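My request is simple: use the sequences and hints to build the entire structure.
Read top to bottom, the protein sequences are chains A, B and C. The first sequence begins at 22 in the working numbering and counts up one residue at a time. The second sequence begins at 1112 in the working numbering and counts up one residue at a time. The third sequence begins at -15 in the working numbering and counts up one residue at a time.
FYI, nobody ran anything at the bench for these hints, they're computed from the structure. Note that the structure is a prediction, hence the values are computed from the model and not measured. Where hints are given, some of them may not hold.
[Stated by the list, open to error] Restraint ranges, calculated between C-beta atoms of paired labels, are given here:
id, chain 1, residue 1, chain 2, residue 2, range
1, A, R84, B, G1493, 42 to 50 Å
2, A, A42, B, R1403, 37 to 45 Å
3, A, K74, B, R1184, 15 to 23 Å
4, C, P(-5), B, R1184, 18 to 26 Å
5, A, E156, C, D(-7), 47 to 55 Å
6, A, A42, C, I(-11), 48 to 56 Å
7, B, Q1457, C, R49, 55 to 63 Å
8, B, I1328, A, T159, 44 to 52 Å
[As the list claims (entries may be wrong)] Here chain B is said to cover these stretches of chain C; the calculated rule only asks that three of the stretch's residues, wherever they fall, bring their Cβ under 8 Å from a Cβ of chain B:
id, segment
9, -1 to 8
10, 15 to 26
[Said to hold, decoys possible] With a cut-off of at most 30 Å between alpha-carbon atoms, the simulated BS3-like pairs for lysine-lysine come out as follows:
id, chain 1, residue 1, chain 2, residue 2
11, B, K1164, A, K74
12, A, K96, A, K145
13, B, K1259, B, K1164
14, A, K74, B, K1437
15, B, K1520, B, K1556
16, B, K1375, B, K1259
17, B, K1556, B, K1572
18, A, K165, B, K1459
19, B, K1459, A, K96
20, B, K1201, A, K74
21, B, K1520, B, K1530
22, A, K74, B, K1244
23, B, K1244, A, K183
Ideal placement from N, C-alpha and C gives every residue a C-beta, glycine not left out.
Chain by chain, the residues:
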Amino acid sequence: MTDDRVALLLLSQEIASFLYAEAELLDEWRHDEWLALLAEDIRYWMPMRRNVKYGDTTREFTRETEDISWFDEGKDTLTRRVRQIQTGIHWAEEPQSRITHMVSNVQLLEVTPDAHAPLEIIAKSRFLIYRNRVETETDLLVGKREDTLRRTGDGWLIARRKIILDQSVLLTKNLTFFF
Amino acid sequence: MNGTRGYHPGLVDLASGQISREIFVNDEIYAQEQERVFARSWLFIGHESQIPKPGDFFVSRMGEESVILCRDRASRVHVFLNSCRHRGMKVCRYDDGNTAVFTCPYHGWSYGTDGALVGVPFFREAYHSELDKSKWHLVEVAQLCCYKETVWANWDASAPPFLEYLGAFRRFLDLILDGWDGREGQAELIGGVQKWVIPCNWKFPAENFSGDTYHNISHRSVDLVGAGPSGRSRRDYNELNVARKLHVALPDRGHQTITYALPKYHQPQAAYQNSPEVADYFRHCEEERRRRPGAESRLMGAPGEIFPNVALLPRQPRTLAVWHPKSAHETEVWRFFFVDRDAPQQVKNFLRDYYIRYSGPAGMTEQDDMENWNYAHAASRGTIARRYPYTYEMGMGHAVENWEWDGLKMPGRVIDLSKAQASEEPMRNLYRRWAEFMEAGSWNKLMPWRRMAAAEAQAAK
Amino acid sequence: MSYPINIRDLPVGARVMLATGAEVEIVSNPEDGVWLFGRYLSSADDPAMVGQEDMIFAQDVVAVRS
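Structure representation (structure tokens):
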């Protein structure tokens, strides 16, 4: 019993550390290293949200692979986004923004097969992204992420990320950064 | 603070091709625009596929104001101001859905989907049954038009009907609404309307989409990484091998567009090369379009603008944007994306991927436009900056009328961009019309074509 | 003074009693918590209403009969 709890505790810290290290890469604009943390078959999805009637659980979010979302893509497109920033002439990120990703409330929702030798984890976290740009442009974006993490020989990879932003009308002019 | 008065003639100087920065940054001009432009223009509301069943509604915008697009129990389409007649509270704060009534949460007044006031608490007791409910229905637009399932509305009863307002531009609206294979009205809206706020005046995006062919440098980074449907550039341009790129501007209506005029006999050019199935599908559609009698087979869609604030992009990507004014310094963009309703799912999926990475706030192309609009606006707010007009002189005097190529006629004023590459004829056209709206006391002064038609009829007698 | 009832989720067919003593059967519920569409089953106050359909305001509903 205690062994199981200790294994889970250690695993929780391991996953939190992984997410903090990922945030570090993004904040430092080390995007190639960040791309290396993404599985080749990653799905990266940020649905849009609607204001719906109380109790309507089906229509609040746009549907993956069916509706228009803010993001709904794989590694190829994410790589192109990184390459675009790296051209040095992506004006929306030139000069670059200053950005901080705060990650918290890390929970392990599902661990397969178990915490002693996990192969796949569904982890939920909260994010607060602070983005400051040029002179006084400032954006604060807050929400949740549901990640599927897959263990490989090189460590954890992100196989799926669902980003739930707490906005319906988007209050930032662009999404040139990653969640 | 703006130290100048509001709109006055001369801010838009078409003789010199120069336009004052005031029209973008002046709060008083912005306030006047709400009356002079948005209160009497045809504005895009939504698409009938958003309200298929009785009781369905979609909350939209007209200018700054919230409106409800809905279908009543008899399946008629309505557009209402989203505000209770009693004390103003929004009667609907959901984005969309289905309802029997719109009920105000303040005092409980309730309206049917036809806008009628049906529920008044304590009507017999407190109102002594004296209130004339028929006078207090939801405020409804003066005119409404459903054109190939797009819904347009106008608060002004004296405005010309929508198709007359469009005039010869109807052909270009058809490019986005008709099927890729030329069948009429096949467009289906993909679920999910993108809504986001950008820090600039609405006229920056409006003039960009009127036909800015000069700003490739904005998009050089996306061209370099190849986000287009063939893995190169941002869209397929092979039609330039055979087509003539044109600017077409309709001076009396204020609509304008880039377009590609194709030769009489042409082969479909390679496109959508990232997916052989999708490429085949579009090649087949283009061949069908050429075979179909009456179909528009010699025009390919490109960015264009319906006055005042609706941007069309009929081809790559296939999207319609509305630039809703929020203040002189802020605009709320709503973006709608279309596919053909019976396109194979694989084609719809391919296009959806492309649309999301091209347009919108996560759009690799649109992001750089917005950066430019943002800081062009910001740099134009100051006292000194406002003294210096923008130049819109490119290609002045070089437009031709009655343009024709091998049987293909283009309306309005046309500039052939095959050699010229770019012109600012569309922008001059947009602002000419804008100035007319700002100056005209009534719609009578805004319909020169009616006077001409009357004069011609008179002369014929 | 009666305690307030949330009429939002009352089902079609349910019967409610109004402050006037009238009994109404719910014909449809717009689920806004403010109105019901009902048919009068009894109305001592105004017998002409029996069988009539009308909009019923939430504040007038004092009890749920069934």
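How the hints compare with the structure:
1. R84(A) <-> G1493(B): 42 to 50 Å: Holds, at about 46 Å.
2. A42(A) <-> R1403(B): 37 to 45 Å: violated, 58 Å
3. K74(A) <-> R1184(B): 15 to 23 Å: holds, 19 Å
4. P(-5)(C) <-> R1184(B): 18 to 26 Å: Because 22 Å falls inside the window, the suggested range holds.
5. E156(A) <-> D(-7)(C): 47 to 55 Å: At 52 Å between Cβs, range holds.
6. A42(A) <-> I(-11)(C): 48 to 56 Å: holds, 55 Å
7. Q1457(B) <-> R49(C): 55 to 63 Å: holds, 56 Å
8. I1328(B) <-> T159(A): 44 to 52 Å: violated, 27 Å
9. -1 to 8: violated (count 0)
10. 15 to 26: holds (count 4)
11. K1164(B) <-> K74(A): Satisfied, since the Cα-Cα distance of roughly 18 Å is no more than 30 Å.
12. K96(A) <-> K145(A): Roughly 21 Å between the alpha carbons, so the hint for K96(A) and K145(A) holds.
13. K1259(B) <-> K1164(B): holds, 17 Å
14. K74(A) <-> K1437(B): holds, 26 Å
15. K1520(B) <-> K1556(B): holds, 28 Å
16. K1375(B) <-> K1259(B): holds, 27 Å
17. K1556(B) <-> K1572(B): At roughly 25 Å apart (the allowed maximum being 30 Å), K1572(B) and K1556(B) satisfy the hint.
18. K165(A) <-> K1459(B): Since the Cα atoms of K165(A) and K1459(B) sit roughly 29 Å apart, the hinted pair holds (cutoff 30 Å).
19. K1459(B) <-> K96(A): Given that 30 Å is the threshold and the Cα spacing comes to 20 Å, the pair holds.
20. K1201(B) <-> K74(A): holds, 15 Å
21. K1520(B) <-> K1530(B): This hinted pair holds, its Cα atoms lying about 19 Å apart.
22. K74(A) <-> K1244(B): Roughly 27 Å separates the two Cα atoms, so the pair holds.
23. K1244(B) <-> K183(A): The hint is violated at about 49 Å.
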